[in-house]
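Visitor: Model the full structure from these sequences, guided by the hints.
Line by line, the protein sequences give chains A and B.
When we follow this note's numbering, the leftmost residue of the first sequence carries the number 4, and every step to the right adds one.
When we follow this note's numbering, the leftmost residue of the second sequence carries the number 4, and every step to the right adds one.
By construction, these hints were calculated from the structure, which means they are not laboratory data.
Nothing here was measured: the structure is a model prediction, and the numbers come from that model.
Since the list can't tell identical chains apart, any single copy or any two copies may satisfy a pair.
Only pairs whose alpha carbons sit at most 35 Å apart, straight line, appear in this in silico DSBU-like list of lysine-lysine: (1) K84 with K119; (2) K105 with K84; (3) K201 with K105; (4) K161 with K144; (5) K144 with K119; (6) K119 with K52; (7) K105 with K119; (8) K62 with K84; (9) K84 with K161; (10) K84 with K144; (11) K52 with K38; (12) K38 with K119; (13) K52 with K62; (14) K105 with K161.
Number of protein chains: 2
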Amino acid sequence: MAQKTAPDSTRRSERSRRAIYEAALALVGEVGYPKMTIEAIAARAGVGKQTIYRWWPSKSAVLLDAFLDLSEQASAELSEKAGLDEVATAIPDTGDLEADLKYVLRATVDEMTNPKFDAPARALAAEGVVNEQLGAEFLEKLLEPQLQLYVDRLRAAKEQGQVAPGIDPRIALELWTGPLAQRWMQRTGPLSHAYADKLVEYALYGIAPR
Amino acid sequence: MAQKTAPDSTRRSERSRRAIYEAALALVGEVGYPKMTIEAIAARAGVGKQTIYRWWPSKSAVLLDAFLDLSEQASAELSEKAGLDEVATAIPDTGDLEADLKYVLRATVDEMTNPKFDAPARALAAEGVVNEQLGAEFLEKLLEPQLQLYVDRLRAAKEQGQVAPGIDPRIALELWTGPLAQRWMQRTGPLSHAYADKLVEYALYGIAPR
Chain A
4 MAQKTAPDST
14 RRSERSRRAI
24 YEAALALVGE
34 VGYPKMTIEA
44 IAARAGVGKQ
54 TIYRWWPSKS
64 AVLLDAFLDL
74 SEQASAELSE
84 KAGLDEVATA
94 IPDTGDLEAD
104 LKYVLRATVD
114 EMTNPKFDAP
124 ARALAAEGVV
134 NEQLGAEFLE
144 KLLEPQLQLY
154 VDRLRAAKEQ
164 GQVAPGIDPR
174 IALELWTGPL
184 AQRWMQRTGP
194 LSHAYADKLV
204 EYALYGIAPR
Chain B
4 MAQKTAPDST
14 RRSERSRRAI
24 YEAALALVGE
34 VGYPKMTIEA
44 IAARAGVGKQ
54 TIYRWWPSKS
64 AVLLDAFLDL
74 SEQASAELSE
84 KAGLDEVATA
94 IPDTGDLEAD
104 LKYVLRATVD
114 EMTNPKFDAP
124 ARALAAEGVV
134 NEQLGAEFLE
144 KLLEPQLQLY
154 VDRLRAAKEQ
164 GQVAPGIDPR
174 IALELWTGPL
184 AQRWMQRTGP
194 LSHAYADKLV
204 EYALYGIAPR
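Guide: Okay, here's the thing in structure tokens:
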């Protein structure tokens with residue numbers, strides 16, 4: 004059994020990979036990150052422990068890939084819903100910033116309130132708050148690339164004259180990602196489409212009289 | 004030893020109470036909420052386990068009081084710094100909403116970056132993400148009362164014509180509490196006074212051209 008030749012990565016079974024992702028996401032939601040083990044993921048996925056170690060160096064690496072896969076699936080579903088032939092990898096740009104942000108934020112609310120996403124993402128977010136290394140890894144590979152999509156969209160909006168010249172896009176985007184993250188993590192209020200719409204309006208036009 | 008008459012609550016030793024709070028805050032930061040026990044708090048505070056059980060029904064109750072005490076201390080320090088005779092329990096109202104919000108948000112940044120606050124608050128915030136009951140308890144007793152101070156200040160600002168009539172204060176306040184919470188919990192960027200100022204400006208005047 005030991006010293007078996009590792010199969011080439013091109014021979015990875017898609018079915019095993021998916022089973023491992025699903026097992027990792029389910030487990031982390033059920034027992035939390037600290038108690039999740041490679042052994043338990045393997046048992047649940049019906050694969051050998053060595054299969055996992057052959058492809059990933061650590062449990063955080065498995066979980067990261069599982070989340071990347073989950074968010075790709077979410078993008079694919081969203082693109083399909085929008086009738087697109089290809090999976091959208093950017094915030095839509097119809098030329099109407101308000102409409103585009105509302106569209107994306109409503110989808111974000113749908114994802115946050117989807118139980119398939121909610122339990123594993125909570126376990127991960129909770130661990131990232133106290134585990135600086137894991138938090139940094141997920142920020143770099145998962146969260147920041149998503150935030151950068153807003154930076155790109157806001158830069159385009161600036162060129163179109165829809166965002167004021169002095170605004171820093173990397174801070175501006177937090178006017179909606181921050182409130183959504185807080186409502187989700189601290190349960191400070193309901194996550195609804197109406198709420199997403201209001202956030203976009205307040206962020207764009209401000210709360211002071213115009 | 005057992006069956007000792009419980010002392011009247013007025014006889015609570017201030018010194019023991021403070022030792023218990025400090026032990027609870029230190030422990031939760033070091034081992035996390037799930038592994039924190041009443042026994043360990045008692046040992047660290049140098050009091051008997053029964054002393055704690057006499058005053059608090061559970062570890063979450065001890066920790067909640069410890070946090071309430073910590074935030075009262077922070078308010079007292081802030082009031083002293085501002086040269087006030089009494090401890091401020093509201094957001095200042097100088098008639099200038101922008102200046103008042105910047106003042107309070109800078110103080111919030113100072114608190115969030117203070118190690119005395121950071122470690123225990125992280126442990127608690129992380130647990131609240133996955134532990135719905137604890138999250139709800141702390142939201143109700145600690146977080147929501149703080150958010151309501153902004154609601155009061157925004158209502159006053161509305162009467163003074165500094166907030167547009169259609170704005171919902173309970174959502175508006177999230178334009179700054181959300182980004183601050185996200186930067187703190189998810190470490191998405193530095194927490195500085197300059198950042199706090201920008202949040203206030205963006206929230207008040209919006210990111211679209213005026």
